[in-house]
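Trainee: All chains, please: the whole structure from these sequences, using the hints.
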Amino acid sequence: MRKAVFNVNNKEYTVEIEEDLRLLDLIRNTLNLTGTKEGCGEGECGACSVLMDGEVVNSCLVLAFQAEGKKIETIENLDREDGTLHPIQQAFLEEGAIQCGFCTPGMVLSAKALLDKNPAPSKHDIRESISGNLCRCTGYNKIAEAIEKAAETLEKEESDSGTARRGTK
Amino acid sequence: MRDLVQNVYQAKDTDSILNLLDQYQDEAKIVAGGTDLIIQMREGNVSPPVLIDISSILEIREIKEEKNTIELGSTATFTDIEKHVFFNHSLSAIAKAARSIGSPQIRNRATVGGNICNASPAADMLPPLLAMDAMVVLKSKQQTRVLPLSEFITGKEETLLKSNELLEKIRFQKLNPNEGLGFSKLGVRNALAIARLSLAVYVEWDENDMCQNVRIASGALGIKAQREWDVERFMKGKCLNNSLFAEVAAFLEESTMKRLAGRSTMNFKRYAVQGVFKQALDEALEDMERRMIYEKGSF
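Chains as they are written, first to last, in the numbering used here: chain A, 1 to 169; chain B, 1 to 299.
Please note that the accuracy of each hint is not assured.
Listed next, the stretches of chain B that the computed footprint assigns to chain A, with coverage defined by at least 3 CB atoms under 8 Å from CB atoms of chain A [claimed, not checked]:
1) 29-39
2) 67-73
3) 229-238
Computed cross-link-like contacts, DSSO-like style, restricted to lysine-lysine with a CA-CA straight-line distance of at most 27 Å [as the list claims (entries may be wrong)]:
4) A:LYS70 / B:LYS83
5) B:LYS29 / A:LYS3
6) A:LYS123 / B:LYS83
7) B:LYS29 / B:LYS156
8) A:LYS71 / B:LYS156
9) B:LYS156 / A:LYS3
10) B:LYS29 / A:LYS70
Keep in mind that the hints were calculated from the coordinates and are not lab data. Bear in mind that the values here come from a model prediction, so they are computed numbers and not experimental data. Glycine included, every Cβ here is placed at the ideal spot set by N, Cα and C.
Mentor: As structure tokens, then:
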């Protein structure tokens with residue numbers, strides 16, 4: 001066992017961990033953040049996707065000790081301070097991009113990793129961004145459409161807040 | 001019962017890796033992206049008592065462009081390579097090979113050094129690096145060794161890496177305008193596909209369409225990713241035309257049938273290898289033409 005400090009969703013956790021604990025198990029079992037799912041456990045399905053220093057990774061293929069000193073973001077961090085959903089989550093609901101929901105946290109985080117870096121992605125960029133996330137229900141079209149819609153919403157929010165900022169000057 | 005990992009270290013610099021390797025020798029295993037090792041550990045195939053994480057060390061992640069050479073830090077991820085300006089503009093076959101690997105999640109973690117040291121017969125980055133005649137720089141506390149990648153990879157998941165050594169970087173020469181590199185991979189789908197067959201082709205052509213030099217490397221066409229020396233010898237000094245291509249294709253078919261004799265995949269690979277070769281060669285020639293046009297344009 002070793003004592004380790006983790007930054008998950010902007011919160012510091014000091015916990016005792018086994019040396020070979022996976023980041024996925026740390027998140028789900030030690031920190032009880034069960035929004036992150038375990039699917040295949042070998043990096044094929046993307047259900048366990050989280051963001052590490054802003055990059056999407058499979059948390060089943062990262063050992064917890066490798067994540068010390070890194071910023072981890074899980075699906076629990078997405079809703080906004082006023083309790084409303086993140087525009088990506090909202091778009092998933094509105095576009096019917098969720099059926100059983102098991103792949104959804106990973107899909108949403110892959111979409112977030114994309115939109116954080118590329119606010120106006122092409123259809124190809126969107127498909128590429130979720131190519132590491134398997135969905136056995138929706139057939140992907142609705143998910144891709146939801147991400148496109150979320151990109152529009154986020155861009156509108158951005159330009160509105162820009163206008164507002166300029167307006168207050 | 002599974003053996004437990006007793007000690008883990010998140011190394012902060014190259015020296016601390018070398019000291020730890022010197023201290024623990026066989027007991028220690030280096031982990032970078034972890035995309036292969038963690039699966040192997042969970043399957044119980046490897047159980048290292050000590051793990052040294054090198055994925056946070058920036059000094060061995062750098063992709064350095066010098067006047068005539070490229071140095072690829074061993075912990076550069078496939079995302080780093082895929083997005084790097086040099087590979088996108090000047091050696092796109094390497095960016096293409098990086099992009100063909102896994103998924104965004106895998107490419108964000110998996111490293112070129114891990115791909116080399118795991119030495120899977122289907123490793124995607126090995127054929128293009130072999131075709132570039134890359135050298136590996138191996139460092140231990142006592143010494144630095146530089147070996148050709150083709151000698152470093154000795155068999156299926158076997159290399160010349162010693163237990164106290166770190167693969168620090170990979171080095172190769174930049175290409176001249178009369179040279180080109182192409183890469184082609186056959187997988188079952190776009191994302192996450194493990195190569196069923198891949199080939200990288202390097203060519204140097206003179207103005208009379210004569211093949212001055214050629215290096216061909218294959219993946220998943222035998223027990224290791226390897227140079228296809230016989231095919232290279234066959235092509236060298238010959239003129240590029242359709243009949244040469246047909247002769248090389250026949251040569252490849254025959255050598256594939258010999259090498260994979262008795263394997264169920266032989267029957268499709270004997271044909272597939274010809275198509276994959278054509279694609280890789282065409283791409284190498286296009287690459288060479290692009291470089292020539294660029295060279296002329298820059299005068």
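Trainee: Take the hints in turn and mark each one as holding or not.
Mentor: Going down the list of hints, with the structure as the test:
| no. | hint | verdict |
| --- | --- | --- |
| 1 | 29-39 | holds (count 6) |
| 2 | 67-73 | violated (count 0) |
| 3 | 229-238 | violated (count 0) |
| 4 | A:LYS70 / B:LYS83 | holds, 22 Å |
| 5 | B:LYS29 / A:LYS3 | holds, 21 Å |
| 6 | A:LYS123 / B:LYS83 | holds, 19 Å |
| 7 | B:LYS29 / B:LYS156 | holds, 18 Å |
| 8 | A:LYS71 / B:LYS156 | violated, 37 Å |
| 9 | B:LYS156 / A:LYS3 | violated, 38 Å |
| 10 | B:LYS29 / A:LYS70 | holds, 22 Å |
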